[in-house]
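Visitor: Could you put the whole structure together from the sequences, leaning on the hints where they help?
Read top to bottom, the protein sequences are chains V, W and Y. Going by our numbering, the first residue of the first sequence is number 1, and it counts up by one from there. Going by our numbering, the first residue of the second sequence is number 1, and it counts up by one from there. Going by our numbering, the first residue of the third sequence is number 1, and it counts up by one from there.
Derived pair list, reagent style DSBU-like, types lysine-lysine, alpha-carbon separation capped at 30 Å:
1. V:K348 to V:K138
2. V:K329 to Y:K122
3. V:K72 to W:K350
What follows is a list of derived Cβ distance ranges for each label pair:
4. V:T258 to W:Q75: 42 to 48 Å
5. Y:G199 to V:D115: 53 to 59 Å
6. V:S84 to W:E513: 17 to 23 Å
7. Y:L278 to V:N118: 45 to 51 Å
8. W:F141 to V:K336: 21 to 27 Å
To be clear, the hints were calculated from the coordinates, so they are not data collected in a lab. C-beta atoms are modelled at their ideal positions from N, C-alpha and C, and glycine is treated no differently.
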Amino acid sequence: AWAGPAATAAVDYKTATGGTGGPMVNQLNLQAPATQIAADIYSLHTLMMVIIMVIFVAVFGVMFYSIFKHRKSLGHKAATFHESTAVEIAWTVVPFLIVIGMALPATKTVVAMKDTSNADITIKATGMQWKWGYDYLKGEGEGISFLSNLSTPRSQVGQPGEAPTEQRGENYLMEVDNEVVVPVGKKIRIVTTANDVIHAWMIPAFGVKQDAIPGFVRDTWFKAEYTGTFRGNCAELCGKEHAFMPIVVRVVTAEEYTAWVNGKKKEMAALADDPNKTWTIDELKTKGEKVYTANCAVCHQANGKGVPNAFAALDGSAIVTGPKAEQIKVLLHGQKTGKFPSEMPAWKQLSDTDIAAVITYTRNTWSNKPAENIVQPAEVVAARK
Amino acid sequence: MSTHDHAHDHAHGGHAHDDHAHDHPHGLSRWLFATNHKDIGTLYMWFSFIMLLSGGVLALMIRTELFKPGLQFFQPEFFNQLTTMHGLVMVFGAIMPAFVGFANWMIPLQIGASDMAFARMNNFSFWLLPPAAILLAGSFFVPGGATAAGWTLYAPLSTQMGIGMDMGIFAMHIMGASSIMGSINIIVTILNMRAPGMTLMKMPMFCWTWLITAYLLIAVMPVLAGAITMTLTDRHFGTSFFNAAGGGDPVMYQHIFWFFGHPEVYIMILPAFGIVSQIIPAFSRKQLFGYASMVYATASIAILSFIVWAHHMFTTGMPVTSQLFFMYATMLISVPTGVKVFNWIATMWKGSMTFETPMLFSVGFIFVFTMGGFTGLMLAVTPVDIQLQDTYYVVAHFHYVLVAGSLFALFAGFYYWAPKWTGHMVNETMGKAHFWLSLITFNITFFPMHFLGLAGMPRRYADYQAQFTDFNSIATIGAFGFGLSQAFFLFAVVLPTIRGGKKAEAKPWEGAEGLEWTVPSPAPFHTFETPPTVK
Amino acid sequence: MSSNNAAAPYYFVPGPSKWPMFAGISLLVTMTGASAWVNDASWGMAVCLVGIAMTLAVLYSWFGDAIAESEKGLYSHRIDLSYRWSMGWFIFSEVMFFGAFFGALYYARSITFPWLADLDHKLIWPDFSGVWTNGVGPAGTVESYTPVEAFGIPTLNTALLLASGMTLTISHHALQAANRAKAITWLAVTVLLGATFMGFQAYEYMHAYSDLNLKLTSGIYGSTFYLLTGFHGFHVTMGAIMLAVVLYRLIRGDMSAEHHFAFEGAAWYWHFVDVVWLGLYVVVYWM
Ligand code: HEA
Ligand code: HEA
Ligand code: CUA
Ligand SMILES: [Cu+2]
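Guide: Below is the structure:
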């Protein structure tokens, strides 16, 4: 059962509810609520379950009674009645009233769910094929921004015809490299949008699910009552890796949050590097390989061969082996030639160093040996203008 | 209305001058060039059964992949094609044509008409389906594979696919044309060709439900055609209907699609209601309770079905007023549906019931469909839907109404009318075995999906969190059981009944009523050439 | 009304016919070709056009059969009624088809545009004004264009279509009064007016493409403009062809004063096309 929200000191979700923040083995009901809204949904569901069970038992009680008593084999003779205005009115009006009884509490929750005003922190979640990007827009932590990728290794997933080589972890398909971190007991507004197709941002324990629609912004909110880690998935079909773009939110105390923000800002500053620094080709290749594995390999594959008729090959590609300016442009603005069913997304959100590194990596790997084989971050900075 | 005498008059086109007694076309051309409503009905039914098996094989492939977490058999992009094509094949290939087949066979017999109003167009409606099926099946083999955007073909994912998507779109255009022509035929037949004395309010319920269904079809199939035409132009001609950069809106696609899509799901259930409304009275040996209110309830469901579509879109972020409106309207539908359920039970009440296979399937239908209806009501409540949208709870909901609803009603109808079609009684033992096998394996397959959905397992997932393993494994085992039960249906029920069996009388069921039972079994090639008079 | 064909069977049911299946095969060819064509396969266009030609050939033979049956007097009053019902419901399905596009126009204009321009969306489209005809989509990727002026060709076209509705009615009355020559004349005028309409429409498209820079790719404005007017134009063409066939049959001497459903069906269709135009004129050109 669900214990009421904690008023003062932060309470750990697991201790309070026994939940894990994700699904549990053989779970029969909704996940233990971690927000007031989820709790409302939980009790709405319970209320309706009870009403429905009562109707079900009553209706089918009558039916089975009839089935057992009014059989020809028992010698039951058929009655001749075939209408009755009174009962027909009754069984129209009564369900109508029941339905109203269900709709009233639901209305209150709908209105509450929609009220995204007065948020403490606003975070933009951008769905992309197939990862999430987060930008802290307002409130403590403003300016933080990162990409969040599935961190379950492919060696746990396996391939058709190829058994997984690694034991599956407890959070299989529900773990990411960069978690969203938010403080407990604060109203968090999530603004969703997308770069390519529709995705949906969902955390079941929060009772939150909001489509992320390309070119539009939509919003939703939650206020976690407990600390803990909460896990959800992309809930709108978005192409081949739809099952592999989870969402993880870590709810921490206010102090921990401040510490996280400071750490993250430092990290970002470090990441931003000095765009004027000149890198060696090996530095760029090493860094580029990581960027490639995290961002590009889903489509272009680790071997650079792409997927025939779906994703361009980078191994031997004219763009990767031609003038580098072209490739910088492709990375910054994407490409859609119509030769492939999907398109190359723009990668503006990567840092200049990352872009330079991944280009350098692709230009010096597999069979690629172009004349212009190194791109420095400064060149990306210049191309951005 | 018509005053002139119709004692003698009937003729058959090319055979007008032939000897009347044997103007019965033979061989392959009987089927290819058919204009006889019974032959066309048979064609429809074989087609839809083959589609059911094909869609079922796709479903079994889905379930095989989902037996365990991880990617065992298929790449995720192929898995998405399986899901999409399973939905399309089942909805447009199996369930809808099956009901049209029933309409073709039974409506003229039930209203005392000699044939459908437009016999050639009737055949055309049928002959549009195989080309559509070929396009759909062929799309698996083109570069990029079949469309993988879900049966709902949401933009802008649908603008990313390859040529398979275009083949899917054109296939749906063709099937839409088929449905529109079929519906016009049915409406005109019912309105214009009833035997003298057969007033609308004396018409069998199956005809009533189909009349209303046909209106729904004519109203919404063109809207679907419009939606996918916009997808096509967005894909190839640079329009921006569903692209925000040019001022369009992906959510607009969803509005147009579901304006079609929601009435579509009632298109798949109203004729099922009709079939059940014929069978329950027959085996209760008691007249249908509340005939008039059944008609009004059917009409109310149809009308309401036009104003509930956005309940599929609660998570797109609609304004709160729209969410509330669509929630209330959707919940209202349970009132007329409830009236139908109560009427069936009141028909059974104090009857003199026997439980031959058609009755078993009908009672099974009421029982399991209601469970699906209740989960639908759960989903109608916006907050609960936001929690459950795009999870396996929805998958459970719609398989309860579609498989245990539409499909079970189709089975019930088959057992009820097969004697009329084939001239042979169905082997009761085999029929009952089919019923119990189907009922049990159906619930093993789909009941656990409720739990999966509640716990948060998203649909259209090629791989899932390990916590969901057990229920998924059970569902997969159930699916194979359900599949085998249908193979059993084909080999132990359908084929043996066509080949032989106990000869059926004109009216094989004691309590059955209606004109279809006044003609011999099997129904002769031509029936009611002279309209009967109904008192 | 009573039947003019006392000798006709109660309800004529045609015998086996190969046309439906051939039509199905033709459409398979057409659609296979179309799928390939839109994906720029070299053989697509040829196959698609062959398919269309096959379809037309089949329909020609099919309608030929039906006309022959009708002329043989096999169609009773009841069949006449069937045709009336079916034409009515067919037109209703067409109304719903246009409804999808009118709905798209309404939705884009009254819901999407204000939405994309609201405060929240400044996050993505900081400069979008949300004015319907200002010529650019929010991304600024749409080249600017000039909308078509309502008071030029469109008004003229409205007059043409309205006039054609009147001439068609005159022709119908003449036919009912058994004045065949008059009926033929006014029907010919109707077809001509329809053809003129199409000519103007074609001119307007060329003008829009070359002078106004209004194209299919001009964002949602261009999309709805061309699909609505385009499908309407296609329907006008269909209607004009139907009327032309009726005209040919009238000249051949097919139809009688009492029995001419082909005429009436085509006329209903023409009026429907007319009404759609009025809707277009108001919401596409005017507003
Ligand atoms: C045969 C098809 C069929 C039928 C009949 C129904 C019937 C209903 N459906 Fe279902 N539905 C589908 C097929 C169908 N549905 C499909 C295919 C989808 C998914 C599409 C997709 O996304 O792919 C879907 C999805 C779907 C959703 C969206 C879920 C989501 O994606 O988030 C919703 C939400 O409101 C919904 C609601 C309902 C309701 C309220 C009914 C009602 O009509 C049910 C009414 C019946 C009863 C309630 C039971 C009997 C009544 C009584 C015994 C009376 C007493 C009862 C009370 C007073 C409570 N359906
Ligand atoms: C319309 C009716 C209909 C029917 C009858 C079914 C029948 C079945 N459906 Fe499906 N289903 C849908 C409509 C239907 N479905 C729709 C609309 C979707 C949504 C698609 C989407 O998300 O876009 C869906 C989605 C769907 C999913 C979710 C996929 C996902 O989200 O990724 C699953 C998963 O288990 C599933 C399973 C099944 C199973 C096991 C059956 C079983 O009932 C099938 C039973 C099996 C058989 C009937 C096969 C029997 C044949 C043989 C055993 C071979 C014999 C061979 C010979 C005799 C030669 N269906
Ligand atoms: Cu992103 Cu599904
Ligand atoms: Cu619905």
